[in-house]
Structure formats: structure tokens, C-alpha cells
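Student: Read off the chains here:
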Amino acid sequence: MKLNWFTRKGIFYLPVSAIGWVILVIAFLYAIYIFADIDSRSHSVSDTLINFVFNLLIIGLVYTLIAFFTEKRPAGIQPEE
Amino acid sequence: MENRDEFLKKMENLQVPDANPSSHQKAVKMAIMNAERSAVLGVWLVIVPCYFLICVFMYYYFHINMGWFAAMFTLLSSLEKVPYVDFLGPLVLFILPIVCIVINALSIIHVQVQKLGPDQRKIREFNISIKIKLWNILLILLSLIIVSVFISYVMTENISSIKN
Numbered sequence: 001m002k003l004n005w006f007t008r009k010g011i012f013y014l015p016v017s018a019i020g021w022v023i024l025v026i027a028f029l030y031a032i033y034i035f036a037d038i039d040s041r042s043h044s045v046s047d048t049l050i051n052f053v054f055n056l057l058i059i060g061l062v063y064t065l066i067a068f069f070t071e072k073r074p075a076g077i078q079p080e081e
Numbered sequence: 082m083e084n085r086d087e088f089l090k091k092m093e094n095l096q097v098p099d100a101n102p103s104s105h106q107k108a109v110k111m112a113i114m115n116a117e118r119s120a121v122l123g124v125w126l127v128i129v130p131c132y133f134l135i136c137v138f139m140y141y142y143f144h145i146n147m148g149w150f151a152a153m154f155t156l157l158s159s160l161e162k163v164p165y166v167d168f169l170g171p172l173v174l175f176i177l178p179i180v181c182i183v184i185n186a187l188s189i190i191h192v193q194v195q196k197l198g199p200d201q202r203k204i205r206e207f208n209i210s211i212k213i214k215l216w217n218i219l220l221i222l223l224s225l226i227i228v229s230v231f232i233s234y235v236m237t238e239n240i241s242s243i244k245n
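Keeping their order, the protein sequence lines are chains X and H.
Residues 1 to 81 (this note's numbering) make up the first sequence, in order.
Residues 82 to 245 (this note's numbering) make up the second sequence, in order.
Just chain X, same shape as in the assembly (with noise of 0.2 Å):
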């Protein structure tokens, strides 16, 4: 089943649907819920950003590997020669 959700620009994907922009979304809004709990935590910030950089990394892999999955590819062309 080809799911044409994202492309690719260098290392990053780009949604080209509306379910890649949705999922971009609510990586966003996670995102920005991991950095308002982490904050509510912590005591400086430094302490915020440490922590909040690691579960940024994390929510961007798991990003790259949903668009990875779902990535849209020339018809005919699968791997490279």
C-alpha cells in the first residue's frame, strides 16, 4: 500500500497530505506539552532544557520514522541502483 504522506527535504520530511500535517501537528503539540510539564518540574532553565532537548530528539525520530515509512517515492523507482 503506498502512502504518499510526506517528502523529503535533506534529513527532514515535509508533510505533502493533510494526515502528514496532522501528524506533524500533533508532534508539535506534544512537543510543546512535553516542554510545559518539564518546565512545571524543574528549577531553572537549564534543568528545562536538558531534559526537554533528549524528548525533543525522541519525538523527532519517531516523526522521521512514521514519514520514513510513508514517504512519497517516484512510481518505478524503489531502491537505487
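Treat each hint with caution, since some may be false.
[Stated by the list, open to error] Derived BS3-like pairs: lysine-lysine, alpha-carbon spacing no greater than 25 Å straight-line: (1) Lys110(H) <-> Lys212(H); (2) Lys9(X) <-> Lys72(X); (3) Lys212(H) <-> Lys196(H); (4) Lys214(H) <-> Lys72(X); (5) Lys9(X) <-> Lys212(H); (6) Lys203(H) <-> Lys110(H); (7) Lys2(X) <-> Lys72(X); (8) Lys9(X) <-> Lys214(H); (9) Lys110(H) <-> Lys214(H).
Hints in this document: simulated from the structure, not taken from any laboratory.
The hints should help you fit chain H onto chain X, whose structure is shown.
Tutor: Chain H in isolation, oriented as in the chain X frame:
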């Protein structure tokens, strides 16, 4: 008429080049995965362990006593104590680099088993060809370093706990 006979004679005596098709094989070597896509996913797979290892090296090797570097491994060690997130540490430091190695290896390695020729039916040839793709090879090496560092850490921890 004479000219025609001469021409036909010339044509008959022409030496046909003896081309052996088996010696001119040019196979299209297809890899299982796309090299560029594998490299992109590989970058995302090793970015978290690399960040973690950089923090550890900065703290222990270069003795930079900053909260930022110390907090990274206190964060990972604290993850082990949380019930449903305890798998995250080994996943990030071991499973993801292994996946990175596999997908990048599949994108640059081509394996082929073939018979040598019609007269040598029993003999088979096993060919492995590796494409020189810089990013894929770099990611494989980086992942191998991460996995070896993690394995050596686990081994030394276990040995020291057995001794104690």
C-alpha cells in the same frame, strides 16, 4: 558480375570477431534499500546516542563539570527506575544503532551467488560487492562505535558487580 563475386568472396573471408558473452557480463547490482534514504534515517537513529555519548565524554574524559552534561546521564539512569520507560535506555543506545547498521549495510552491499559456467556446473561463485557511499559507511562505523562502547560498558559493569 565480377565485382559481385569479388565482393561475396571478400565477405566470406571476413574474420568474425569471437565475442564470448560470459566474459563480458555487466550485471546491474541492485541493493535492497535506497542508500540516500537509509543514510537519512540512520542520522536520526544515531543522533540520540551520539548526543548522550558526547555528554558522557565531556563529563568524564574532558572533566567539564557542567550541569548540562551531568544531567544527560542522570536522566537516562532515572529512566531505568520508571516502570514503563525502563526499556528506553537500551533501546536508544543499543537497538537503534543496530538498526542503523542493518539498513545502511543493506543499502550498500550486493550479494550474488552464481555458477561459473556451463562446463563447471558444480562450482558456484559467491560475490559480495560494497558500494563506496561515504555517508552510509560513516554511519555504519559510528553505529559500530556506539554499540561497542555500550557493550564494553555493560561488560565492565557486570564484571565489577561480580567482583564486589
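Student: State for each hint whether it applies.
Tutor: Here is how each hint holds up against the structure:
{"no.": "1", "hint": "Lys110(H) <-> Lys212(H)", "in the structure": "holds, 10 Å"}
{"no.": "2", "hint": "Lys9(X) <-> Lys72(X)", "in the structure": "holds, 12 Å"}
{"no.": "3", "hint": "Lys212(H) <-> Lys196(H)", "in the structure": "holds, 23 Å"}
{"no.": "4", "hint": "Lys214(H) <-> Lys72(X)", "in the structure": "holds, 23 Å"}
{"no.": "5", "hint": "Lys9(X) <-> Lys212(H)", "in the structure": "holds, 24 Å"}
{"no.": "6", "hint": "Lys203(H) <-> Lys110(H)", "in the structure": "holds, 24 Å"}
{"no.": "7", "hint": "Lys2(X) <-> Lys72(X)", "in the structure": "holds, 8 Å"}
{"no.": "8", "hint": "Lys9(X) <-> Lys214(H)", "in the structure": "holds, 19 Å"}
{"no.": "9", "hint": "Lys110(H) <-> Lys214(H)", "in the structure": "holds, 14 Å"}
Going down the numbered hints, you'll see the structure goes against none, and every one checks out.
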